[in-house]
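A.B. asks: Here is what each chain is made of, one letter per residue.
2 protein chains.
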Amino acid sequence: MCELLGMSANVPTDICFSFTGLVQRGGVTGPHVDGWGITFYEGKGCRSFKDPAPSCKSKIAELVQAFPIKSQAVVGHIRQANRGCVSLENTHPFTRELWGQNWTYAHNGQLKGYKQLDTGFFRPIGATDSERAFCWILEQLRIKYPRKPANMKAMFKFVASLADQLRAKGVFNMLLSNGEFVMAYCSTNLHWITRRAPFGEAQLADADVTIDFYKETTPNDVVTMIATQPLTNNEQWQKIASGSYVLFKDGEVQ
Amino acid sequence: MCELLGMSANVPTDICFSFTGLVQRGGVTGPHVDGWGITFYEGKGCRSFKDPAPSCKSKIAELVQAFPIKSQAVVGHIRQANRGCVSLENTHPFTRELWGQNWTYAHNGQLKGYKQLDTGFFRPIGATDSERAFCWILEQLRIKYPRKPANMKAMFKFVASLADQLRAKGVFNMLLSNGEFVMAYCSTNLHWITRRAPFGEAQLADADVTIDFYKETTPNDVVTMIATQPLTNNEQWQKIASGSYVLFKDGEVQ
Chain A
1 MCELLGMSAN VPTDICFSFT GLVQRGGVTG PHVDGWGITF YEGKGCRSFK
51 DPAPSCKSKI AELVQAFPIK SQAVVGHIRQ ANRGCVSLEN THPFTRELWG
101 QNWTYAHNGQ LKGYKQLDTG FFRPIGATDS ERAFCWILEQ LRIKYPRKPA
151 NMKAMFKFVA SLADQLRAKG VFNMLLSNGE FVMAYCSTNL HWITRRAPFG
201 EAQLADADVT IDFYKETTPN DVVTMIATQP LTNNEQWQKI ASGSYVLFKD
251 GEVQ
Chain B
1 MCELLGMSAN VPTDICFSFT GLVQRGGVTG PHVDGWGITF YEGKGCRSFK
51 DPAPSCKSKI AELVQAFPIK SQAVVGHIRQ ANRGCVSLEN THPFTRELWG
101 QNWTYAHNGQ LKGYKQLDTG FFRPIGATDS ERAFCWILEQ LRIKYPRKPA
151 NMKAMFKFVA SLADQLRAKG VFNMLLSNGE FVMAYCSTNL HWITRRAPFG
201 EAQLADADVT IDFYKETTPN DVVTMIATQP LTNNEQWQKI ASGSYVLFKD
251 GEVQ
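These protein sequences, in sequence, are chains A and B. Mapped onto the numbering used here, the consecutive letters of the first sequence carry residue numbers 1 to 254. Mapped onto the numbering used here, the consecutive letters of the second sequence carry residue numbers 1 to 254.
Extracted from the complex, chain A is given alone in its bound form (with noise of 0.2 Å):
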């Protein structure tokens, strides 16, 4: 299994230290040791960053931990192979153009009869179930709506009924995002914790580092964490239940 991490913020905002909890889990208090991604939007473009080493040893997460990148959608994954073997075009997260936009996706769980679905016009380049089931929503999207919808509340619908039918295959936690909203689709383990003034002190459950994010914030941020397990330790996160989602923009469920 792998552990998802996602953000959803009304101003750009870093992750370094949510990131700094996630990566831990890759080989230190984790076992997921095949790889890590994270992708940030930045207006309509994104930014990703991968290593299939494990996160706790990669050069390139010691970059992203310190490197204060702002985002208002982050879309993240540290990687215990199951499907498909460990190499960069199986990590995730996995991002594709649809309507002029690019999707994100990352998935936590296992699919069984994965090789019948079809992904039309998409087609994977690595071998994961993952990234097949990915390709297959985006080709269901794209026959649903072939432009973007006016209605996008009711398109995430659509796309939660079609993670209903992946989850009948096994485990399909899933977050996809375009940037504006982020969607958090939970068939096992999705908790999420929305931020907001009066802020206070935050304590990592896998690290010994504590963040006071009075300091970190202004009184109007709002700042939504999704996560496969709680990241801290002194908070409430609220656990997604199986076979709901939740879909946030500018860190407020919508």
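If you are wondering where the hints come from, they were derived from the structure by calculation, not from laboratory data. Among the hints, a few may not be true.
Remember, identical chains collapse to one label, so a pair may be satisfied in a single copy or spanning two.
[Unchecked claim] No more than 25 Å apart at the CA atoms, straight line, and that leaves these computed lysine-lysine pairs for DSS-like:
| hint | residue 1 | residue 2 |
| --- | --- | --- |
| 1 | K115 | K44 |
| 2 | K70 | K169 |
| 3 | K115 | K148 |
| 4 | K169 | K249 |
| 5 | K169 | K112 |
| 6 | K144 | K59 |
| 7 | K70 | K59 |
| 8 | K44 | K148 |
| 9 | K44 | K112 |
Following the hints, put chain B in place on chain A, whose structure we already have.
C.D. replies: Same frame as chain A, now just chain B:
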């Protein structure tokens, strides 16, 4: 205008030396201050580093210079904006999937009448003439070759015929790679050099840096560099004729 940088090699090779020369042109020895990007292939996967900030001041460029990422196929670009604002989504190289492969592209030049190019399935994300031209090339390839053709040299010849049409709209120097092949199409300026045993010293034209390739290589290494202008001042670079292209694989001309 912009500057292109490409590499094709028969063994995974780092590009730190040439990249050090190129970044100088992003604000020190050249006027290309509107961002830079570089894509490294690792097998079927690829990783991109991009920054809308001038390369000579970029933290991420410092990382790429310091961190010897080894690859057999590289496409890089530094930008002086003409069409499209300075932003991440307008920063080259651009990567899209076709035939289940990552295709990476960078363009130097400027096109007129590019908004009429029908990009079909591949929709531009940013606002550059370059990305639209790339989407148009991919769409023409998708129509002509629904599956990956067995004869890739014929396919690249077809790409050159498309590039000829784009060159008729202005200036169109291009690098295109699928990780296996690197194609260099010249409209006005594009140079290349193949380094092989016996290796000697090279002196960067844009910075006071010398490298002794003999110390950095093995006798069987074959490494071709492609650049808008020669990056070294003590080696013989070859200029590609206007309207011509050179195709490389494993460092060798195909």
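A.B. asks: Confirm or reject each hint.
C.D. replies: For each hint, the structure was consulted:
{"no.": "1", "hint": "K115 with K44", "verdict": "between (32 Å within a copy, 19 Å between copies)"}
{"no.": "2", "hint": "K70 with K169", "verdict": "neither (36 Å within a copy, 38 Å between copies)"}
{"no.": "3", "hint": "K115 with K148", "verdict": "between (28 Å within a copy, 20 Å between copies)"}
{"no.": "4", "hint": "K169 with K249", "verdict": "neither (29 Å within a copy, 41 Å between copies)"}
{"no.": "5", "hint": "K169 with K112", "verdict": "within (5 Å within a copy, 50 Å between copies)"}
{"no.": "6", "hint": "K144 with K59", "verdict": "neither (42 Å within a copy, 42 Å between copies)"}
{"no.": "7", "hint": "K70 with K59", "verdict": "both (20 Å within a copy, 14 Å between copies)"}
{"no.": "8", "hint": "K44 with K148", "verdict": "within (14 Å within a copy, 30 Å between copies)"}
{"no.": "9", "hint": "K44 with K112", "verdict": "between (34 Å within a copy, 24 Å between copies)"}
Of the hints listed earlier, those the structure fails to meet are numbers 2, 4 and 6, in rising order.
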